[in-house]
Amino acid sequence: MSKVKKYNPAQEDSALHMVEHKSVLDHVADVIIYLVVALIAFVCVIPMWHVLMISLSDGQQAMAYDGLFLKWIGNFNLDGYKLIFQDASIISGYANTILYTVSATALGFLIASVTGYALSRETKLKTPVSLILMSTMLFSGGMVPTYIVLRTLGWVGTRWALIIPGCTNAMFMIMMMNAFNSVPHEMYEAARIDGAGHFRTMWQVMLPQAMNLGSVIILNSVVMQWNSWLPASIYVPNQKGLWPLQLWIRQILADNENFLRSANPDYNRYLIQYAVIVAATLPILVLFPFFQDKLEKGVIAGGVKG
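The sequence shown begins at 0 in numbering that gives the first Met the number 0 and counts up one residue at a time.
No wet-lab data here; the hints were simulated from the structure. Do not rely on the hints blindly, as some may be mistaken.
Each pair of labels, with its calculated beta carbon distance range [said to hold, decoys possible]:
id, residue 1, residue 2, range
1, Asp-193, Thr-126, 27 to 33 Å
2, Gly-194, Val-27, 58 to 64 Å
3, Pro-183, Phe-287, 40 to 46 Å
4, Thr-151, Lys-70, 54 to 60 Å
Virtual Cβ for every residue (Gly too), placed ideally from N, Cα, C.
Make a model of the complete structure from these sequences and hints.
Set out below in structure tokens:
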């Protein structure tokens with residue numbers, strides 16, 4: 000008869016508190032990693048800081064200064080921002096950009112979710128449809144055929160030309176397929192056994208568990224739509240009431256190039272090109288921290304096979 004070993008809590012405590020000490024090479028590696036991360040952070044932050052400081056500087060002194068702006072030069076100055084927001088086109092551009100971004104992101108995520116769910120199921124058409132989707136990522140019809148299609152549909156000169164094409168992203172569909180594949184199959188089977196249909200299973204059971212990668216898709220879609228200006232310059236070049244913010248920024252910069260030719264130039268107009276960059280980038284910078292946690296989990300989930 001074997002002896003039963005008595006439980007000794009002291010031994011367990013000592014085992015739990017055993018800490019492996021890092022070697023000298025481990026400390027060196029940590030220092031190198033911290034330095035590299037700090038350098039990358041500096042390289043990413045300093046251009047935006049430079050632009051922000053110029054936008055807050057005295058216009059005439061900013062024009063004469065040649066170098067990196069670590070702080071504003073001259074008196075603290077918000078006249079550049081006052082000039083851009085006195086222009087009603089900036090407000091209109093903001094409203095249009097928000098409309099296009101929200102509409103294209105919401106509709107695009109809906110299409111990507113439904114397509115990704117269908118492709119994650121074992122069906123006869125899964126392989127051929129997946130191949131067709133992936134082929135669109137490698138080969139594109141080009142700008143001219145796309146314009147012809149949109150003109151035939153009667154969408155040129157309307158908001159639809161700026162919303163619908165951005166909703167069909169094959170990469171996002173493949174990413175959502177992988178997100179649904181990462182959900183345990185037992186969850187799907189349990190929902191189906193309980194009598195849930197495909198749409199209820201997708202929205203209430205599987206999609207909430209796939210939202211780590213789904214949040215990455217939403218964030219990328221928001222950034223792409225927010226920064227988009229080329230489609231508007233092609234499909235609504237003469238309908239200024241439909242222009243997004245980025246296209247208005249390009250127009251304002253073009254109109255502002257010759258301000259020095261006037262008899263009494265307003266040097267604050269030099270700050271406009273920097274103020275509009277800050278005004279256009281700030282919403283994305285404010286939004287990003289709310290997605291950071293989901294973004295990190297989504298990247299990890301996308302790199303791990305479920």
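Worksheet item: Okay, Asp-193 versus Thr-126 on CB: inside 27 to 33 Å?
Response: The hinted range 27 to 33 Å holds for Asp-193 and Thr-126, with Cβ atoms some 29 Å apart.
Fill in: Pro-183 paired with Phe-287, Cβ distance criterion 40 to 46 Å
30 Å, violated
Worksheet entry | Pairwise beta carbon distance, Gly-194 to Val-27, judged against the given window 58 to 64 Å | With Cβ atoms ~60 Å apart, the hint holds.
Fill in: C-beta pair Thr-151, Lys-70: status relative to the range 54 to 60 Å that was hinted
Once the Cβ atoms are compared, 55 Å apart, the range 54 to 60 Å for Lys-70 and Thr-151 holds.
The structure does not agree with numbered hint 3 stated previously, though it agrees with all others.
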